[in-house]
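Peer 1: Heads up: the protein sequence lines correspond to chains X and L, in order.
Using the working numbering, read the first sequence as starting at 1 and increasing by one per residue.
Using the working numbering, read the second sequence as starting at 1 and increasing by one per residue.
Worth flagging that the hints you see were computed from the coordinates, not collected in a lab.
Treat the hints with care, since some could be wrong.
Claimed, not checked - With a straight-line cut-off of 30 Å between C-alpha atoms, the simulated DSSO-like cross-links for lysine-lysine are:
hint, chain 1, residue 1, chain 2, residue 2
1, X, Lys-66, X, Lys-33
2, X, Lys-46, X, Lys-153
3, X, Lys-154, X, Lys-304
4, L, Lys-43, X, Lys-74
5, X, Lys-385, L, Lys-53
6, X, Lys-419, L, Lys-424
7, X, Lys-59, L, Lys-43
8, X, Lys-385, L, Lys-33
To be verified - Across the chosen pairs, the derived CB separations fall in these ranges:
hint, chain 1, residue 1, chain 2, residue 2, range
9, X, Trp-52, L, Thr-370, 49 to 55 Å
10, X, Pro-205, L, Asp-384, 55 to 61 Å
11, L, Ile-400, X, Lys-206, 55 to 61 Å
12, X, Arg-184, L, Thr-41, 16 to 22 Å
Unchecked claim - If you want the footprint, here are the derived chain L segments under chain X, 3+ residues with CB under 8 Å:
hint, segment
13, 159-168
14, 336-343
Virtual Cβ for every residue (Gly too), placed ideally from N, Cα, C.
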Amino acid sequence: MAGTVEAKKQIEEATKEYKYGFSSDIDMEMAPKGLNEDVIRYISAKKNEPEWMLEWRLKAYHQWLKMEEPDWAKLNFPKIDYNDIYYYAAPKSQDKPKSLDEVDPELLRIYAKLGIPLEEQKVLAGVEGARKVAVDAVFDSVSVATTFREELKKAGVIFMSISEAIVEYPEMVRKYLASVVPVRDNYFAALNCAVFSDGTFVYIPKGVRCPMELSTYFRINAENTGQFERTLIVADEGSYVSYLEGCTAPMRDENQLHAAVVELIALDDAEIKYSTVQNWYPGDKDGVGGIYNFVTKRGNCKGKNSKISWTQVETGSAITWKYPSCILTGENSVGEFYSVAVTNNYQQADTGTKMIHLGAGSRSTIISKGISAGRSQNTYRGLVKILPSAEGVRNYTQCDSLLVSDTSGAHTVPYIEVKNPSAQIEHEATTSKISEDQLFYCRSRGLDEEEAVAMIVNGFCKEVMQHLPMEFAVEAQKLLGISLEGSVG
Amino acid sequence: MTATVLETYQSQLESVIGAIPCTDALRRSAMDKALTAGLPTPKDEDWRYSDLKPFRTGAFALSKAAQTSDMPIQYFADKPAARLVFINGQFSEERSDLGTLSDSVRLKTLTNHCQVDTARADDLLEGVDALDYLNTALMRDGIVISVPAGVHVTAPVELINLVTNSAKAATHTRHLIELGENASLTLIEQYVGDATDYWSNPVMQVRMGEGARFDHIRMQSEGSHAVHTGKLYVDLDARATYRGTSIMTGAALSRLEITARILGTGAHADINGAALAAPGQSHDTITRVDHRIPGATSEQIYRTIADKRAKSSFQGKITVAVDAQETAADQSFKALLLDRTGEANAKPELEIFADDVKCSHGATVGELDTSALFYLTSRGIDPDTAQQMLVEAFTGDALIAVEDDDLRNALMDNVSRWMQERSKGGTQ
Numbered sequence: 001m002a003g004t005v006e007a008k009k010q011i012e013e014a015t016k017e018y019k020y021g022f023s024s025d026i027d028m029e030m031a032p033k034g035l036n037e038d039v040i041r042y043i044s045a046k047k048n049e050p051e052w053m054l055e056w057r058l059k060a061y062h063q064w065l066k067m068e069e070p071d072w073a074k075l076n077f078p079k080i081d082y083n084d085i086y087y088y089a090a091p092k093s094q095d096k097p098k099s100l101d102e103v104d105p106e107l108l109r110i111y112a113k114l115g116i117p118l119e120e121q122k123v124l125a126g127v128e129g130a131r132k133v134a135v136d137a138v139f140d141s142v143s144v145a146t147t148f149r150e151e152l153k154k155a156g157v158i159f160m161s162i163s164e165a166i167v168e169y170p171e172m173v174r175k176y177l178a179s180v181v182p183v184r185d186n187y188f189a190a191l192n193c194a195v196f197s198d199g200t201f202v203y204i205p206k207g208v209r210c211p212m213e214l215s216t217y218f219r220i221n222a223e224n225t226g227q228f229e230r231t232l233i234v235a236d237e238g239s240y241v242s243y244l245e246g247c248t249a250p251m252r253d254e255n256q257l258h259a260a261v262v263e264l265i266a267l268d269d270a271e272i273k274y275s276t277v278q279n280w281y282p283g284d285k286d287g288v289g290g291i292y293n294f295v296t297k298r299g300n301c302k303g304k305n306s307k308i309s310w311t312q313v314e315t316g317s318a319i320t321w322k323y324p325s326c327i328l329t330g331e332n333s334v335g336e337f338y339s340v341a342v343t344n345n346y347q348q349a350d351t352g353t354k355m356i357h358l359g360a361g362s363r364s365t366i367i368s369k370g371i372s373a374g375r376s377q378n379t380y381r382g383l384v385k386i387l388p389s390a391e392g393v394r395n396y397t398q399c400d401s402l403l404v405s406d407t408s409g410a411h412t413v414p415y416i417e418v419k420n421p422s423a424q425i426e427h428e429a430t431t432s433k434i435s436e437d438q439l440f441y442c443r444s445r446g447l448d449e450e451e452a453v454a455m456i457v458n459g460f461c462k463e464v465m466q467h468l469p470m471e472f473a474v475e476a477q478k479l480l481g482i483s484l485e486g487s488v489g
Numbered sequence: 001m002t003a004t005v006l007e008t009y010q011s012q013l014e015s016v017i018g019a020i021p022c023t024d025a026l027r028r029s030a031m032d033k034a035l036t037a038g039l040p041t042p043k044d045e046d047w048r049y050s051d052l053k054p055f056r057t058g059a060f061a062l063s064k065a066a067q068t069s070d071m072p073i074q075y076f077a078d079k080p081a082a083r084l085v086f087i088n089g090q091f092s093e094e095r096s097d098l099g100t101l102s103d104s105v106r107l108k109t110l111t112n113h114c115q116v117d118t119a120r121a122d123d124l125l126e127g128v129d130a131l132d133y134l135n136t137a138l139m140r141d142g143i144v145i146s147v148p149a150g151v152h153v154t155a156p157v158e159l160i161n162l163v164t165n166s167a168k169a170a171t172h173t174r175h176l177i178e179l180g181e182n183a184s185l186t187l188i189e190q191y192v193g194d195a196t197d198y199w200s201n202p203v204m205q206v207r208m209g210e211g212a213r214f215d216h217i218r219m220q221s222e223g224s225h226a227v228h229t230g231k232l233y234v235d236l237d238a239r240a241t242y243r244g245t246s247i248m249t250g251a252a253l254s255r256l257e258i259t260a261r262i263l264g265t266g267a268h269a270d271i272n273g274a275a276l277a278a279p280g281q282s283h284d285t286i287t288r289v290d291h292r293i294p295g296a297t298s299e300q301i302y303r304t305i306a307d308k309r310a311k312s313s314f315q316g317k318i319t320v321a322v323d324a325q326e327t328a329a330d331q332s333f334k335a336l337l338l339d340r341t342g343e344a345n346a347k348p349e350l351e352i353f354a355d356d357v358k359c360s361h362g363a364t365v366g367e368l369d370t371s372a373l374f375y376l377t378s379r380g381i382d383p384d385t386a387q388q389m390l391v392e393a394f395t396g397d398a399l400i401a402v403e404d405d406d407l408r409n410a411l412m413d414n415v416s417r418w419m420q421e422r423s424k425g426g427t428q
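Work out the full structure, taking the sequences as your base and the hints as a guide.
Peer 2: Written as structure tokens, this is what we have:
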């Protein structure tokens with residue numbers, strides 16, 4: 001039992017004090033509270049959007065009105081009053097800064113606190129030989145500073161805020177927007193379509209290997225503000241991109257709604273690697289406050305031999321409702337999902353993936369690790385669907401849950417639906433606590449209990465962590481357990 | 001739509017009032033609940049893989065009581081303790097053979113039992129969904145077997161549920177099995193019927209006392225146009241052992257829902273089964289194993305096969321309650337698709353609220369191993385036989401827990417026959 005107590009302590013350590021819990025006082029420009037056509041018109045006008053975009057938003061809004069909030073996930077939260085939320089809040093800087101010097105120093109201070117190397121540190125501290133990281137920092141919905149633009153431009157890569165892209169590349173945005181996640185896909189996606197304030201657009205041209213990892217840091221800042229991000233990444237034939245998304249949010253007492261939509265499109269032979277470290281404010285130890293995170297992430301492996309890989313480390317948010325998925329349309333396309341989800345205190349996570357196989361010879365791998373502590377509930381929910389057209393498909397799924405308290409819950413809800421006999425589908429799931437034998441063995445080797453637990457927990461997550469880009473692995477390990485750091489080689 | 005269907009069922013209620021003494025109030029309450037609950041829809045999680053058309057397009061009449069039928073019955077035990085035959089939900093004295101069973105156990109039909117024991121109504125489960133409620137409201141009869149403490153019924157009891165001449169008519173049977181402390185019983189339960197489009201909606205309740213043991217074979221071999229929606233509720237007290245094996249081959253649409261509640265330390269539940277879906281059939285199995293008490297174990301092995309245009313689905317849920325420490329629960333599901341147009345669905349679910357547990361599930365879906373087939377045929381075995389051998393081996397996993405050799409072999413023969421009929425039917 002001592003081991004359990006220790007493990008519990010470690011996990012609690014890791015998540016107890018929200019390290020990034022602070023808020024800043026930057027004046028906000030806001031649309032009035034609530035959601036109606038006027039607010040949508042306001043957002044659209046603020047963004048100088050073309051008429052078709054406004055119409056598209058309004059259509060989505062009317063669609064949303066007809067839909068119902070989904071209730072199938074294993075999540076309990078008070079009813080959200082969608083009219084008690086600000087749908088648009090932007091930092092005050094009206095003119096786009098020419099350089100970092102022109103950026104509001106308050107912003108820079110926050111980024112510095114967060115450890116984002118927006119200024120001189122183009123290479124992340126402490127990571128030897130790290131590649132360059134391009135940061136498109138999103139501060140409460142509006143992209144305020146973009147670095148590395150020039151270098152990316154040389155490679156022909158388009159990396160800009162989606163509102164800019166709507167103006168500059170309307171044809172491309174129009175072609176791909178909502179092509180993977182249709183407006184009516186689900187309640188939160190429809191809401192996002194109606195009110196999304198900003199986000200990122202990435203286009204990698206044919207045959208280009210993006211010269212650096214692209215990265216967007218999100219922050220939720222204003223009180224009662226929903227964060228409705230929209231990300232669209234298109235990888236043209238034979239291209240490659242690795243995209244990093246990291247989230248931290250200031251300490252707040254009130255629940256904040258986050259309903260992002262991420263769409264990925266990989267054409268022939270293209271590869272997209274999408275990594276997330278999610279550390280929104282999880283609420284305090286009594287379950288007060290915290291972010292409600294309802295995210296729709298989906299990629300379409302449209303071309304043959306294309307590949308989309310999702311890696312996520314989820315430690316934050318009071319409520320997580322998130323299923324990064326792959327539609328494997330292309331022949332021999334590959335979908336991957338690697339996930340670590342840690343919940344503590346009163347956090348609730350219902351997360352997983354969907355792999356929809358349409359293309360012949362398509363393959364998918366799902367590795368999910370859930371760690372539940374405190375009084376949290378952690379659910380893996382996944383779907384592997386093989387349609388009749390998908391000949392010779394392979395899927396391997398592994399979902400493991402580790403329980404480190406006797407008051408938490410770990411749940412696994414996989415769906416397997418097969419309509420083609422040539423498919424080979426394997427699914428395995430286990431749930432257990434840290435075994436006394438393993439602990440005993442480690443301790444007999446001279447490790448103290450803390451180190452032993454650290455080692456075991458690290459080993460438990462290793463299969464996922466190794467898929468994170470190096471720059472991210474550092475932060476992810478920090479999030480997994482501050483007290484685990486010392487024992488990790 | 002379903003409202004009018006349910007109203008038709010409500011109008012059937014009066015005809016069964018009084019059929020089983022002391023259940024009238026329960027029937028009325030259940031019918032009210034059925035009306036409130038409404039018929040299941042594809043949006044109900046447990047029904048996502050079942051086609052509800054037969055239920056929604058119209059109500060089934062109540063099947064007519066029949067004392068006898070000349071339909072042949074396949075028996076599995078050479079020397080059974082008793083053969084109990086129900087025809088259209090009513091006990092058939094003519095075809096039953098009570099043997100000497102009633103010497104050692106309390107054996108009564110539900111109608112008789114309620115006459116002598118008014119408390120019986122309290123033992124009857126009202127239900128958890130519309131189909132249960134309809135069963136409670138409209139049941140005609142059933143068997144009550146109470147094995148007293150310490151009594152071992154060594155020979156198997158055969159329980160046959162036969163439906164005949166029941167086109168678009170429903171039979172709701174309710175069976176009750178009770179095992180006292182350290183008692184044991186082997187039951188071979190069969191569901192058979194003619195080729196009419198009847199609906200069989202049986203519910204069996206099993207209550208097991210401390211240290212009791214129940215070996216249970218359940219064979220669903222309904223007629224080819226039938227709808228079968230079977231429910232099985234098993235409660236296990238401390239150290240009780242339930243060994244259940246179900247085989248599903250019949251009916252156009254078949255569902256079996258098994259709910260095992262583990263209520264005592266040291267209890268063990270084996271819930272195994274095989275479902276063989278011939279062309280056009282739809283089979284759905286739902287298991288719920290509910291570990292409520294520390295230190296109990298459960299194991300599930302399911303194998304399903306789907307032929308042309310057939311659908312085979314499995315939803316298995318293991319729940320471990322907050323205090324149910326030291327639970328070990330395993331589940332293995334494998335589906336085999338024999339044809340391009342077959343479909344297999346699986347949803348193995350774990351819901352765990354205790355930390356000191358070992359729970360796992362594994363699920364696979366695939367077709368017959370072509371290299372194994374090739375190997376067998378290269379040894380001179382013809383392709384049909386080779387396929388049959390592989391299918392038998394595949395299904396055998398689920399039947400292995402049947403301890404009685406003769407019985408297990410008889411069940412295996414059923415699988416072989418199914419394969420033989422398949423190749424005869426030219427479905428190759």
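Peer 1: Of the hints stated earlier, which fail here?
Peer 2: Violated hints (numbers, rising): 8, 13; every other hint is consistent with the structure.
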